[in-house]
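Going down the list, the protein sequences come from chains A and B.
Residue numbers 261 to 456, in the working numbering, belong to the letters of the first sequence in order.
Residue numbers 261 to 456, in the working numbering, belong to the letters of the second sequence in order.
Read the hints as simulated data drawn from the structure, not as lab findings.
Part of the chain A face toward chain B, derived, beta carbon under 7 Å:
| no. | residue |
| --- | --- |
| 1 | L272 |
| 2 | L287 |
| 3 | A288 |
| 4 | V309 |
| 5 | I328 |
| 6 | A410 |
The C-beta atom is built at its ideal place from N, Cα and C for all residues, glycine as well.
Number of protein chains: 2
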Amino acid sequence: MTDRLDAQFAFLIEADKLKQVIRATTLADGSRRENSGEHSWHLALYALVLADQAGPSVNIDRVIKMLILHDLVEIDVGDVPIHSANGAAHGSAEIAEAEAQAATRIFGLLPADLGTDLRALWEEFEAAETPDAIFAKSLDRVQPVLHNIASGGGTWTEYNVTFDQLETRVGQKVARGAPTLWTYVRGRLRSFFPEV
Amino acid sequence: MTDRLDAQFAFLIEADKLKQVIRATTLADGSRRENSGEHSWHLALYALVLADQAGPSVNIDRVIKMLILHDLVEIDVGDVPIHSANGAAHGSAEIAEAEAQAATRIFGLLPADLGTDLRALWEEFEAAETPDAIFAKSLDRVQPVLHNIASGGGTWTEYNVTFDQLETRVGQKVARGAPTLWTYVRGRLRSFFPEV
Numbered sequence: 261m262t263d264r265l266d267a268q269f270a271f272l273i274e275a276d277k278l279k280q281v282i283r284a285t286t287l288a289d290g291s292r293r294e295n296s297g298e299h300s301w302h303l304a305l306y307a308l309v310l311a312d313q314a315g316p317s318v319n320i321d322r323v324i325k326m327l328i329l330h331d332l333v334e335i336d337v338g339d340v341p342i343h344s345a346n347g348a349a350h351g352s353a354e355i356a357e358a359e360a361q362a363a364t365r366i367f368g369l370l371p372a373d374l375g376t377d378l379r380a381l382w383e384e385f386e387a388a389e390t391p392d393a394i395f396a397k398s399l400d401r402v403q404p405v406l407h408n409i410a411s412g413g414g415t416w417t418e419y420n421v422t423f424d425q426l427e428t429r430v431g432q433k434v435a436r437g438a439p440t441l442w443t444y445v446r447g448r449l450r451s452f453f454p455e456v
Numbered sequence: 261m262t263d264r265l266d267a268q269f270a271f272l273i274e275a276d277k278l279k280q281v282i283r284a285t286t287l288a289d290g291s292r293r294e295n296s297g298e299h300s301w302h303l304a305l306y307a308l309v310l311a312d313q314a315g316p317s318v319n320i321d322r323v324i325k326m327l328i329l330h331d332l333v334e335i336d337v338g339d340v341p342i343h344s345a346n347g348a349a350h351g352s353a354e355i356a357e358a359e360a361q362a363a364t365r366i367f368g369l370l371p372a373d374l375g376t377d378l379r380a381l382w383e384e385f386e387a388a389e390t391p392d393a394i395f396a397k398s399l400d401r402v403q404p405v406l407h408n409i410a411s412g413g414g415t416w417t418e419y420n421v422t423f424d425q426l427e428t429r430v431g432q433k434v435a436r437g438a439p440t441l442w443t444y445v446r447g448r449l450r451s452f453f454p455e456v
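Required output: the full structure, derived from the provided sequences and hints.
Structure below.
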């Protein structure tokens with residue numbers, strides 16, 4: 261039991277570093293950039309509050325677990341902003357490989373049974389093929405949009421994002437898991453993108 | 261649907277302020293104090309990783325939800341450190357009343373059905389009577405102990421905490437929901453408290 265708890269706490273203390281990974285998106289009031297630890301909490305809260313936007317086959321408890329885990333690999337790889345490098349960095353094969361190595365190291369700190377289970381949840385999120393993962397990804401994409409609206413433009417201004425780019429990089433992915441949610445959020449974008 | 265989503269997002273944007281509530285405990289590396297948003301994420305991860313420490317009647321999915329919500333009232337009331345005012349501030353009737361008012365305001369931003377459900381989960385956590393709430397409280401108390409061990413003393417030094425005080429304010433509450441966990445953590449306290 262002591263060896264098992266040693267491993268569980270080694271992982272939990274390592275995970276603490278996620279609070280020092282800084283994202284491109286700011287807090288809603290624009291006062292500072294968000295870190296990936298607090299972002300992960302906010303997304304879990306999104307799942308709890310927006311569960312009624314999920315399809316009937318979505319298990320919201322699994323979505324919440326995925327969102328708690330989804331950014332841990334950033335401890336090694338950092339956050340890759342969705343609009344950086346003109347949208348080409350996020351999801352590249354190079355980043356995917358680095359994240360897989362990070363997952364091996366970080367989930368490998370856990371007792372083997374638990375590490376295998378939690379890594380499988382993270383891989384399911386990354387693959388974005390199951391209803392749970394698709395809905396979790398929708399929330400991960402929509403939260404920065406709300407922060408940019410609240411803070412008056414945020415990363416769209418910083419990265420010169422057009423509405424077409426936003427629709428491709430963000431809107432289509434939000435709509436895939438939560439179509440009504442994207443229709444609603446899209447309607448709030450008129451003052452930022454006249455072409456909406 | 262638009263009115264409902266307006267209310268859900270008003271709540272989610274308000275909740276963002278929890279990332280600006282600063283706690284007494286530092287990050288594990290001691291580099292800065294932790295905020296209550298990232299703390300809430302870390303505790304949800306604790307529940308996911310330490311689920312095997314919970315008794316058979318504990319529903320870990322409900323524990324995770326409680327931990328996501330448990331500190332929201334701090335947006336209005338602030339964090340009350342467990343060792344501040346010689347241990348007398350935390351859990352006082354005055355603080356409890358202020359937190360109840362904060363819950364009315366904050367959960368009141370949500371659509372009524374959802375606000376009622378989430379407030380009930382928060383009240384269950386606060387009351388610490390059900391197995392789920394007792395286990396959630398154990399995790400909330402044990403995480404700062406691990407950070408103080410990792411950072412070399414932390415708030416114990418700052419507030420001149422004795423081992424007896426730690427046992428009363430923290431140990432008994434961790435042991436109530438997770439006895440093996442406290443036995444393990446207690447064993448790691450010898451270098452800080454010679455009387456262990």
